[in-house]
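Student: Next come the chains, spelled out residue by residue.
4 protein chains.
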Amino acid sequence: KNRGCLLIRCPDQPGIIASISRFLFQYNANIIESSQYSTNHESGNFFIRIEFDCPSLPDQKEEIKTRFLGIAEKFSMEWKMTFPSDVKRMSIFVSKELHCIRELLFEWQSGDLMTDIVLVISNHEDARELVESFDIPFVHIPASRENRQDVETHQMKLLEAYAVELIVLARYMQILTPAFVEANPNRIINIHHSFLPAFVGARPYDRAYQRGVKLIGATSHYVTNDLDEGPIIEQDTMRVDHRDNIDGMKKIGRSIERSVLARSVKWHLEDRIIVDGNKTIVF
Amino acid sequence: KNRGCLLIRCPDQPGIIASISRFLFQYNANIIESSQYSTNHESGNFFIRIEFDCPSLPDQKEEIKTRFLGIAEKFSMEWKMTFPSDVKRMSIFVSKELHCIRELLFEWQSGDLMTDIVLVISNHEDARELVESFDIPFVHIPASRENRQDVETHQMKLLEAYAVELIVLARYMQILTPAFVEANPNRIINIHHSFLPAFVGARPYDRAYQRGVKLIGATSHYVTNDLDEGPIIEQDTMRVDHRDNIDGMKKIGRSIERSVLARSVKWHLEDRIIVDGNKTIVF
Amino acid sequence: KNRGCLLIRCPDQPGIIASISRFLFQYNANIIESSQYSTNHESGNFFIRIEFDCPSLPDQKEEIKTRFLGIAEKFSMEWKMTFPSDVKRMSIFVSKELHCIRELLFEWQSGDLMTDIVLVISNHEDARELVESFDIPFVHIPASRENRQDVETHQMKLLEAYAVELIVLARYMQILTPAFVEANPNRIINIHHSFLPAFVGARPYDRAYQRGVKLIGATSHYVTNDLDEGPIIEQDTMRVDHRDNIDGMKKIGRSIERSVLARSVKWHLEDRIIVDGNKTIVF
Amino acid sequence: KNRGCLLIRCPDQPGIIASISRFLFQYNANIIESSQYSTNHESGNFFIRIEFDCPSLPDQKEEIKTRFLGIAEKFSMEWKMTFPSDVKRMSIFVSKELHCIRELLFEWQSGDLMTDIVLVISNHEDARELVESFDIPFVHIPASRENRQDVETHQMKLLEAYAVELIVLARYMQILTPAFVEANPNRIINIHHSFLPAFVGARPYDRAYQRGVKLIGATSHYVTNDLDEGPIIEQDTMRVDHRDNIDGMKKIGRSIERSVLARSVKWHLEDRIIVDGNKTIVF
Numbered sequence: 365k366n367r368g369c370l371l372i373r374c375p376d377q378p379g380i381i382a383s384i385s386r387f388l389f390q391y392n393a394n395i396i397e398s399s400q401y402s403t404n405h406e407s408g409n410f411f412i413r414i415e416f417d418c419p420s421l422p423d424q425k426e427e428i429k430t431r432f433l434g435i436a437e438k439f440s441m442e443w444k445m446t447f448p449s450d451v452k453r454m455s456i457f458v459s460k461e462l463h464c465i466r467e468l469l470f471e472w473q474s475g476d477l478m479t480d481i482v483l484v485i486s487n488h489e490d491a492r493e494l495v496e497s498f499d500i501p502f503v504h505i506p507a508s509r510e511n512r513q514d515v516e517t518h519q520m521k522l523l524e525a526y527a528v529e530l531i532v533l534a535r536y537m538q539i540l541t542p543a544f545v546e547a548n549p550n551r552i553i554n555i556h557h558s559f560l561p562a563f564v565g566a567r568p569y570d571r572a573y574q575r576g577v578k579l580i581g582a583t584s585h586y587v588t589n590d591l592d593e594g595p596i597i598e599q600d601t602m603r604v605d606h607r608d609n610i611d612g613m614k615k616i617g618r619s620i621e622r623s624v625l626a627r628s629v630k631w632h633l634e635d636r637i638i639v640d641g642n643k644t645i646v647f
Numbered sequence: 365k366n367r368g369c370l371l372i373r374c375p376d377q378p379g380i381i382a383s384i385s386r387f388l389f390q391y392n393a394n395i396i397e398s399s400q401y402s403t404n405h406e407s408g409n410f411f412i413r414i415e416f417d418c419p420s421l422p423d424q425k426e427e428i429k430t431r432f433l434g435i436a437e438k439f440s441m442e443w444k445m446t447f448p449s450d451v452k453r454m455s456i457f458v459s460k461e462l463h464c465i466r467e468l469l470f471e472w473q474s475g476d477l478m479t480d481i482v483l484v485i486s487n488h489e490d491a492r493e494l495v496e497s498f499d500i501p502f503v504h505i506p507a508s509r510e511n512r513q514d515v516e517t518h519q520m521k522l523l524e525a526y527a528v529e530l531i532v533l534a535r536y537m538q539i540l541t542p543a544f545v546e547a548n549p550n551r552i553i554n555i556h557h558s559f560l561p562a563f564v565g566a567r568p569y570d571r572a573y574q575r576g577v578k579l580i581g582a583t584s585h586y587v588t589n590d591l592d593e594g595p596i597i598e599q600d601t602m603r604v605d606h607r608d609n610i611d612g613m614k615k616i617g618r619s620i621e622r623s624v625l626a627r628s629v630k631w632h633l634e635d636r637i638i639v640d641g642n643k644t645i646v647f
Numbered sequence: 365k366n367r368g369c370l371l372i373r374c375p376d377q378p379g380i381i382a383s384i385s386r387f388l389f390q391y392n393a394n395i396i397e398s399s400q401y402s403t404n405h406e407s408g409n410f411f412i413r414i415e416f417d418c419p420s421l422p423d424q425k426e427e428i429k430t431r432f433l434g435i436a437e438k439f440s441m442e443w444k445m446t447f448p449s450d451v452k453r454m455s456i457f458v459s460k461e462l463h464c465i466r467e468l469l470f471e472w473q474s475g476d477l478m479t480d481i482v483l484v485i486s487n488h489e490d491a492r493e494l495v496e497s498f499d500i501p502f503v504h505i506p507a508s509r510e511n512r513q514d515v516e517t518h519q520m521k522l523l524e525a526y527a528v529e530l531i532v533l534a535r536y537m538q539i540l541t542p543a544f545v546e547a548n549p550n551r552i553i554n555i556h557h558s559f560l561p562a563f564v565g566a567r568p569y570d571r572a573y574q575r576g577v578k579l580i581g582a583t584s585h586y587v588t589n590d591l592d593e594g595p596i597i598e599q600d601t602m603r604v605d606h607r608d609n610i611d612g613m614k615k616i617g618r619s620i621e622r623s624v625l626a627r628s629v630k631w632h633l634e635d636r637i638i639v640d641g642n643k644t645i646v647f
Numbered sequence: 365k366n367r368g369c370l371l372i373r374c375p376d377q378p379g380i381i382a383s384i385s386r387f388l389f390q391y392n393a394n395i396i397e398s399s400q401y402s403t404n405h406e407s408g409n410f411f412i413r414i415e416f417d418c419p420s421l422p423d424q425k426e427e428i429k430t431r432f433l434g435i436a437e438k439f440s441m442e443w444k445m446t447f448p449s450d451v452k453r454m455s456i457f458v459s460k461e462l463h464c465i466r467e468l469l470f471e472w473q474s475g476d477l478m479t480d481i482v483l484v485i486s487n488h489e490d491a492r493e494l495v496e497s498f499d500i501p502f503v504h505i506p507a508s509r510e511n512r513q514d515v516e517t518h519q520m521k522l523l524e525a526y527a528v529e530l531i532v533l534a535r536y537m538q539i540l541t542p543a544f545v546e547a548n549p550n551r552i553i554n555i556h557h558s559f560l561p562a563f564v565g566a567r568p569y570d571r572a573y574q575r576g577v578k579l580i581g582a583t584s585h586y587v588t589n590d591l592d593e594g595p596i597i598e599q600d601t602m603r604v605d606h607r608d609n610i611d612g613m614k615k616i617g618r619s620i621e622r623s624v625l626a627r628s629v630k631w632h633l634e635d636r637i638i639v640d641g642n643k644t645i646v647f
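Chains as they are written, first to last, in the numbering used here: chain H, 365 to 647; chain B, 365 to 647; chain F, 365 to 647; chain G, 365 to 647.
Careful: at least some of the hints might be erroneous.
To be verified - Heads up, simulated DSSO-like pairs for lysine-lysine below, C-alpha to C-alpha not over 27 angstroms straight-line: (1) F:630 <-> H:460; (2) B:365 <-> G:614; (3) B:630 <-> G:365; (4) G:452 <-> B:614; (5) H:615 <-> F:438; (6) F:614 <-> H:615; (7) B:615 <-> G:521; (8) H:615 <-> F:429; (9) F:438 <-> H:452; (10) F:643 <-> H:630; (11) B:614 <-> G:643; (12) H:615 <-> F:425; (13) H:614 <-> F:365; (14) F:438 <-> F:425; (15) F:643 <-> G:614; (16) G:521 <-> B:630; (17) B:615 <-> H:614; (18) G:630 <-> B:614; (19) B:643 <-> H:643; (20) B:521 <-> B:452; (21) G:452 <-> B:365; (22) H:615 <-> F:365; (23) G:643 <-> F:615.
In short, the hints are calculated from the structure, not lab data.
Generate coordinates for the entire structure from the input sequences, incorporating the hints supplied.
Tutor: Now the structure itself:
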């Protein structure tokens with residue numbers, strides 16, 4: 365495939381787009397999609413995502429990357445150039461609730477998620493049958509507060525062995541250690557079953573029920589070492605009323621969780637997300 | 365008009381509906397709308413709202429109320445019987461932002477709010493022209509932390525003089541004292557410009573922006589002495605993205621605030637809301 | 365289980381609810397949920413759904429039904445009394461697109477659809493593996509315009525053999541004959557991939573794209589002999605924009621289709637739907 | 365103000381963005397917002413909207429426009445360059461229903477619509493008081509089938525006298541003649557009270573009610589000479605159920621109509637809309 369994707373962040377100033385587009389034009393690349401954003405009234409940062417089609421890309425990937433360094437330095441860019449044909453390798457972590465992993469597996473099977481799901485890790489056996497029916501390796505690593513260190517050592521070896529580039533916590537009910545999180549910056553996506561920042565932490569549906577809210581929600585975010593405080597990728601809500609008890613809220617919530625998580629994973633795989641401090645820019 | 369409305373809460377047991385419906389049948393009343401709810405798995409409370417049409421109602425209001433006492437006692441009911449033809453008298457409190465009061469005035473002018481808006485009180489002059497163009501009395505009572513007691517004494521005299529039954533805080537940016545709140549239980553509706561319980565307190569849009577949320581919301585609730593903690597009546601959300609700065613969020617938020625508040629006021633006026641502890645049942 | 369459900373339609377008049385509730389009270393039944401609707405300004409019809417809990421139900425089902433006949437006759441009711449413990453037997457018809465049947469199978473597996481899925485019939489082989497992985501019989505009946513009669517004869521024999529009470533067309537791309545439809549009144553649910561009555565018939569996404577709509581939708585309805593004209597059960601829409609080509613619309617549409625269909629089937633299984641002419645009342 | 369806006373349509377080919385951005389860079393212009401779209405798989409057309417900030421703009425408007433001609437010719441562009449400081453002059457046409465004009469007037473008063481509302485024309489007197497309270501000229505031109513020609517002659521003279529650039533039909537219940545429409549291409553925005561293409565023509569809520577739909581909607585579009593067939597700008601829907609009769613649907617519909625229309629007018633005023641055949645691209 366001839367597609368490439370540029371993700372850039374740099375201080376805003378005139379001439380950035382002119383330089384990038386002239387550069388791409390030299391390679392006869394056609395810009396397919398381009399989105400930009402500037403925080404000019406605040407920090408003065410400029411963000412851009414450019415998807416381009418370049419006939420000679422397969423032969424010139426490395427040259428293009430190397431030659432782009434000149435522009436990147438001139439404008440002090442943080443940047444990456446990716447190629448959709450380099451499909452990202454993904455691992456799913458799951459516990460006992462299967463609705464989120466099911467959604468991901470089916471979106472993937474339908475061709476709507478461009479990824480290789482190379483490994484599923486769980487602290488329970490519940491997902492094994494489902495996962496193995498897709499011919500995906502399933503590894504059961506029982507977890508408890510006592511053995512967290514061993515568990516993560518095991519997990520990290522597996523992630524390395526399978527060359528995993530994205531970890532999706534599809535209702536994985538274990539807290540990760542700082543070491544694990546720091547080893548995977550902006551590469552772990554979690555789904556939290558509330559509309560953050562409401563109901564951070566455990567049992568959000570119980571607390572939503574007690575508070576008598578009229579909408580419930582779900583939030584996907586990159587995992588950082590502040591519980592449920594990482595950069596939000598996507599959120600959604602649905603209506604509930606007094607008739608919905610905690611179980612009813614959970615049922616409704618499941619359908620929000622799975623669609624919010626699936627959208628986030630899709631955007632990450634398509635390199636549509638730039639993390640800016642504790643926020644995301646989704647192009 | 366021949367319409368009546370019964371709002372009841374009592375311990376759940378068989379026979380309640382049979383008794384009520386037999387009672388109404390004796391007066392040849394036709395049940396127009398009936399909604400019920402039972403918390404049987406928890407507290408065992410039963411709630412019902414019945415709207416009925418009774419040809420002899422105008423002549424028998426008092427008799428019907430008196431004779432219903434027997435049933436009410438038998439089932440240990442908390443209840444009230446209201447008549448849509450007794451239009452509720454309402455006062456609006458407002459500060460400088462006018463979008464919410466405007467919405468209420470226009471819904472009212474269009475005939476969509478069955479109420480008499482008898483008085484508007486504000487700590488600023490901004491709403492005067494708008495309010496007086498509807499021939500509604502507007503009273504400006506400047507407010508500050510120092511004179512809160514005097515202000516509320518003045519307000520309460522006015523509310524009494526105008527026989528106000530419902531107070532709507534349409535972006536009124538002053539905190540009410542416990543004495544004022546306790547004197548008006550479940551009779552003060554506030555609109556809070558966030559999706560509660562997220563962003564309780566001041567400057568919710570600023571904080572929503574800092575947190576990088578992907579939806580913003582508004583919440584209407586009855587006012588209690590816990591700030592932004594009263595029983596929620598209605599909530600709604602709308603999508604935002606990284607391009608929406610604080611001002612953009614406020615613009616989007618205004619359209620949520622006004623529709624959420626208008627719906628809540630409408631439901632209150634139609635006697636559709638039963639407060640159950642810190643929750644509402646909206647029939 | 366002690367649960368029963370009454371669905372009634374009759375001419376509106378005072379005393380109906382009093383009679384029903386007194387009747388249920390005689391059997392010591394507690395009314396769990398009750399919803400009613402009256403078209404009093406138009407046809408004067410009254411509709412009610414009552415769910416009740418009756419300790420002696422398992423022993424008295426037949427007696428209760430028989431004795432209710434008196435009330436039913438007095439008020440000229442069309443009615444049925446059902447029991448959630450009598451789980452409905454359901455068959456799914458499917459062609460090549462699997463997202464709808466998948467959703468139904470998973471909702472069912474998660475315990476969110478109270479039904480026995482006893483049979484899947486398809487004019488293609490695509491769904492076989494999925495269906496058989498749930499241990500549900502899958503029957504492939506190739507279909508064409510020429511053999512429609514034979515196909516339906518075969519289908520009807522199977523439906524009878526499996527005692528099917530509900531047929532769900534989960535993107536089944538064949539038109540049923542009038543004979544088949546008339547043999548299954550209000551017992552066939554179809555999902556149409558547009559917001560009816562827009563884009564009746566074939567290729568709705570193509571036509572939505574050509575028309576440049578900004579929202580696309582899906583509609584579930586009972587099948588009648590007027591193509592896509594049967595009583596609508598549920599509809600929903602999602603936002604699209606100029607970037608969404610036909611394939612993009614189909615992807616978005618799939619997620620609307622499956623949730624709209626799943627909700628409709630759930631409501632049918634819980635006896636929440638009364639068909640009134642060409643409309644549905646969903647309680 | 366130093367802001368400018370470029371709207372371009374041309375055949376797609378490499379180098380367009382490079383040329384435009386180099387051109388703007390020569391004037392030291394900073395690109396504030398840029399959105400593009402390419403129909404490469406179909407017609408091969410390219411569309412772009414660029415908003416830029418240029419310190420020397422006030423002195424160089426004409427020079428910049430003239431010099432851009434070279435690029436425009438090279439790439440066979442249809443284009444326009446506009447300046448937000450040249451506020452567009454707008455006229456509202458209205459009949460008896462006032463909710464849409466009210467919304468526009470208040471969005472305008474709140475500073476959310478950058479326009480001069482210079483004239484309101486109506487075939488009734490209902491809106492006069494409202495309009496004149498905003499110090500906007502109101503002209504009553506009674507309309508009937510017989511005098512359509514005279515009415516439009518009168519209207520067109522007024523539009524010319526007031527130099528009107530955008531006509532908004534805010535529930536104006538008269539059909540415009542082909543001559544009038546052709547004189548104002550893509551400059552007349554209408555709000556239709558249904559989710560087009562469902563319920564084209566008169567009495568959409570009545571027909572929605574008869575059909576038993578579960579959602580109702582509204583559609584804004586540019587007016588062409590095919591009734592309700594012009595390019596759609598925006599649509600939205602809200603949920604209804606069997607309890608909503610025609611009046612109830614109208615109430616709900618009014619709130620959809622006014623927000624859909626206000627958004628469309630805002631986008632038009634900000635030069636965010638490109639008409640492409642019978643579709644719109646909204647950037």
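Student: Indicate, hint by hint, whether the structure satisfies it.
Tutor: Hint check results:
no., hint, in the structure
1, F:630 <-> H:460, "holds, 24 angstroms"
2, B:365 <-> G:614, "holds, 24 angstroms"
3, B:630 <-> G:365, "violated, 44 angstroms"
4, G:452 <-> B:614, "holds, 25 angstroms"
5, H:615 <-> F:438, "violated, 41 angstroms"
6, F:614 <-> H:615, "holds, 26 angstroms"
7, B:615 <-> G:521, "violated, 36 angstroms"
8, H:615 <-> F:429, "violated, 33 angstroms"
9, F:438 <-> H:452, "violated, 70 angstroms"
10, F:643 <-> H:630, "violated, 39 angstroms"
11, B:614 <-> G:643, "violated, 31 angstroms"
12, H:615 <-> F:425, "violated, 31 angstroms"
13, H:614 <-> F:365, "holds, 24 angstroms"
14, F:438 <-> F:425, "holds, 21 angstroms"
15, F:643 <-> G:614, "holds, 19 angstroms"
16, G:521 <-> B:630, "violated, 45 angstroms"
17, B:615 <-> H:614, "violated, 32 angstroms"
18, G:630 <-> B:614, "holds, 16 angstroms"
19, B:643 <-> H:643, "violated, 33 angstroms"
20, B:521 <-> B:452, "holds, 18 angstroms"
21, G:452 <-> B:365, "violated, 51 angstroms"
22, H:615 <-> F:365, "holds, 22 angstroms"
23, G:643 <-> F:615, "holds, 21 angstroms"
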